[in-house]
Each structure stands twice: as structure tokens, then as C-alpha cells.
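Position one of the sequence shown corresponds to residue 554 (our numbering), numbered consecutively onward.
Please keep in mind that the hints were generated in silico from the structure rather than gathered at the bench. Treat the hints loosely; a few may be bogus.
Here are the in silico distance ranges between beta carbons for each label pair [said to hold, decoys possible]:
1) 571 to 701: 28 to 36 Å
2) 609 to 683: 34 to 42 Å
3) 556 to 608: 45 to 53 Å
All C-beta atoms, glycine included, are put in the ideal place defined by N, C-alpha and C.
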Amino acid sequence: MADAMEQLYQQVILDHSRARHGAGEIEPFDGQSFQVNPTCGDEVTLRVRMDHSTPTPRIAEVGWVGQGCSISQASLSILTGLVTGQDVATTDRLGETFRDLMHGRGVPLETGRQESLEDAAALTGVARYPARIKCALLGWMALRDALAHALTAEPSTQKEDS
Numbered sequence: 554m555a556d557a558m559e560q561l562y563q564q565v566i567l568d569h570s571r572a573r574h575g576a577g578e579i580e581p582f583d584g585q586s587f588q589v590n591p592t593c594g595d596e597v598t599l600r601v602r603m604d605h606s607t608p609t610p611r612i613a614e615v616g617w618v619g620q621g622c623s624i625s626q627a628s629l630s631i632l633t634g635l636v637t638g639q640d641v642a643t644t645d646r647l648g649e650t651f652r653d654l655m656h657g658r659g660v661p662l663e664t665g666r667q668e669s670l671e672d673a674a675a676l677t678g679v680a681r682y683p684a685r686i687k688c689a690l691l692g693w694m695a696l697r698d699a700l701a702h703a704l705t706a707e708p709s710t711q712k713e714d715s
């Protein structure tokens, strides 16, 4: 059973690293972040565009350009699908849940929290390999930084060089 689940998880990671959701630059955008994993060289530039038409700002779109291992690329792809359309509080909660998963040494979270991560739960086994945890967290770090910029800037006024 565990082997079947691990194979399923590996397939999800491979599928996302091949067919990357959200890959590519978006214009206009409200926040941007460039992050590098110094231990392996994985890198990403992630942009977010916010929807300010609702009482609480929501993530309208995430776009990213990056290079790195299948884990970092799959994590970015999964993150994109998971947070697009979500408000900031929900996104923060998902990010915190994902960080808890990565610091759990491969032990799954409680069922509700694990299920809230959807395909990101496929990265549970990554937490057994400390050198790979930063790969999985790279996109989440970029998203957190991009959101901080987006929430302190005028809507959709960011230029490419900012």
C-alpha cells in the first residue's frame, strides 16, 4: 500500500514538473519576487496579480519563470493551482500548512490539513530529505514575498524592472 501511494505521489510530481501550471510571465502584476536556493541553484521569479474587486483581495493570477529540479518545478505548478482565486488569509494558511508538512520529516499531517493541500500532499515524502525541502519551499517563499509587495503597492502598477 505504501509503495502504491509513493508511486502515485511520484507520478503527481512528474506530471506537474512536465505540464507546469502557471509557467510564464504575467502582465500586469501587483507583486514580484525572485528567489534562489543557494544549495542547489534552483531559482524562480514569481508574479502575482490581485483582484481588488472583492471585499478581501484575492489572487487573480500567478505566473512564474524558473529553472530547477522536478521537485521545485512541481511545487510551483501545484502552488499556482492551489492559491489562484484564494484570498490572502487562505493563501497564508495554505502556505503555513505546506511549511508544516515540509518540517514533518515525511509524516503526513492530520487528514483535514493534508487534504487542504490537494496535489501538494504528493510532496510529503520530500520532507524526509532535508536537502530537498528548500526546493519544495522555494515557490512558497517567492509567493509570500510577492504578496507582501502586492499588498503594499498600488494595484497593477508594477513595472517589469521593479
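Going through the hints against the structure:
1. For residue 571 and residue 701, the hinted distance range of 28 to 36 Å is satisfied, since their beta carbons lie about 31 Å from each other.
2. For the hinted restraint 34 to 42 Å between residue 609 and residue 683, the CB-CB distance of approximately 36 Å keeps it satisfied.
3. Between residue 556 and residue 608 the beta carbons are some 47 Å apart, a value that agrees with the proposed interval 45 to 53 Å.
Hint check: no violations occur; every hint is consistent with the structure.
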